[in-house]
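Residue numbers (this note's numbering), protein chains in the order written: chain A, 1 to 348; chain B, 1 to 81.
Hints in this document: simulated from the structure, not taken from any laboratory. The structure displayed is predicted, hence computed values, not measured ones. Careful, some of the hints might be misleading.
Label pairs and their computed distance ranges (CB to CB) [as the list claims (entries may be wrong)]:
{"id": "1", "chain 1": "A", "residue 1": "Asn276", "chain 2": "B", "residue 2": "Phe14", "range": "26 to 32 Å"}
{"id": "2", "chain 1": "B", "residue 1": "Glu45", "chain 2": "A", "residue 2": "Ser329", "range": "33 to 39 Å"}
{"id": "3", "chain 1": "A", "residue 1": "Glu268", "chain 2": "B", "residue 2": "Asp35", "range": "50 to 56 Å"}
{"id": "4", "chain 1": "B", "residue 1": "Arg63", "chain 2": "A", "residue 2": "Gly159", "range": "44 to 50 Å"}
{"id": "5", "chain 1": "A", "residue 1": "Gln201", "chain 2": "B", "residue 2": "Phe14", "range": "45 to 51 Å"}
{"id": "6", "chain 1": "B", "residue 1": "Thr71", "chain 2": "A", "residue 2": "Leu324", "range": "35 to 41 Å"}
{"id": "7", "chain 1": "B", "residue 1": "Arg63", "chain 2": "A", "residue 2": "Ala95", "range": "53 to 59 Å"}
For each residue, glycine too, the CB sits at the ideal point set by N, CA and C.
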Amino acid sequence: MSKRKLTIAITGLNNTDNPGPGIPVIRGILDSKLFDARIIGLAYENLEPGIYMRDLVDKSYHIPYPSAGSDILLKRIEHINKIEKIDVLIPNFDAELYSFIKSSEKLKKMGIATFLPTMEQFEERHKWNLCEFGKKYNVKVPSVKSFYSEAELYKAAPGLTFPVFVKGKFYDAYLATNAEQLRMHFYKLYSKWGFPVLLQQYIRGTEVNVVALGDGHGKTIGAVPMRKQYITDKGKAWAGITLDDEKLIEITHKIIKKSKWRGGMELELIKDEMNNLYLIEINPRLPAWVYLAVGAGQNLPEALVKLALGLKTNKYTKYDIGKLFIRYSYDLICKLEEFEQLSLYGEL
Amino acid sequence: MKINKKIAISESGFVFNPTTGDSYSLNPIAAEILDMLKKDLSEDEITDALLEKYDVTASVLHRSIDEFIDTLKEMKILENE
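Work out the full structure: start from the sequences and follow the hints.
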């Protein structure tokens, strides 16, 4: 069977020690037996390593930061689309998803398919809405309080118990064991991500994660649970292993069924000593460790492309248990001309 | 005492708990004990078998086996009755 030729644009090429999901998503797509994909990298920074991985990314373009607004982003995508004729676009950053979800109809008119959560799904799973999310979908969650100013924090400070997690609006989380650490992390997070800064109850236990894909009608196309085996100082998985845990699969199916989740997702949960599962975060996209799912038998990036194109997508029912991923760093040697080309012309 | 059905134990003494993702390397005697547990031998039967094979007093062996069994329960390798 000949493979279908596709042009797929992908963000999240920052394959650093705090990696974006772009490169692992690309690897999944390039492993596909159905698609022969030309990969277009969409990058925010000149030094996103994926731009220079020429065996994985055919061509890269600069795109404007989400803070520039959806219209500017769309204009840039329109320009790229005139050259590349993009079939599918897969955004991989939380911070850019709002713009892409908002623009999905306009992208469709340009002939670009996406498969993203709805705006309602995207909004209700925000960290600051987690308590309401837990109630709505009958899932245990830690208590969370949002702070929109320093004054609010000072007012609440005497009633706080430690340790507590301090979390940024989009990314980053720190454990504060006393008031001094709390203040330090609070300032760091609001200066980086703005308000709200969130304080989340600390649940003692083991963190477990699930990568999953929902079809938008309540069906789970695939789900693979993983426990981090080696964690970087930024809390990112540097190694992980697939688990055999029915409770994790059940909770994933329940959330996807009840919310009719559309697109990729990562559930972050804590399992306490009594085996209770607490949902601590939902990331509305495939995570950077998604290639472990591919290696374990569920090519979720390929399935996401199929869903985006409206193709029949069968449900994965199994995966290999005890499959490990181990990251490594690697020095790419690049020509100055390549860097120059990207810096001056915004494409490479 | 029953070994958690999901636990994978290789002949080399490598133990993997697929529910937690934990793995352990057993020394030869620990592997021997786990092998006997797999065959549904009781704690007394395991003690007798080891007393016959190794130069050790019954009290020391009892204590060591008790500690090892507690560790196995803590690691969720053995199911609590």
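Output the indices of the hints that this structure fails to meet, ascending. 2, 3, 5 and 6
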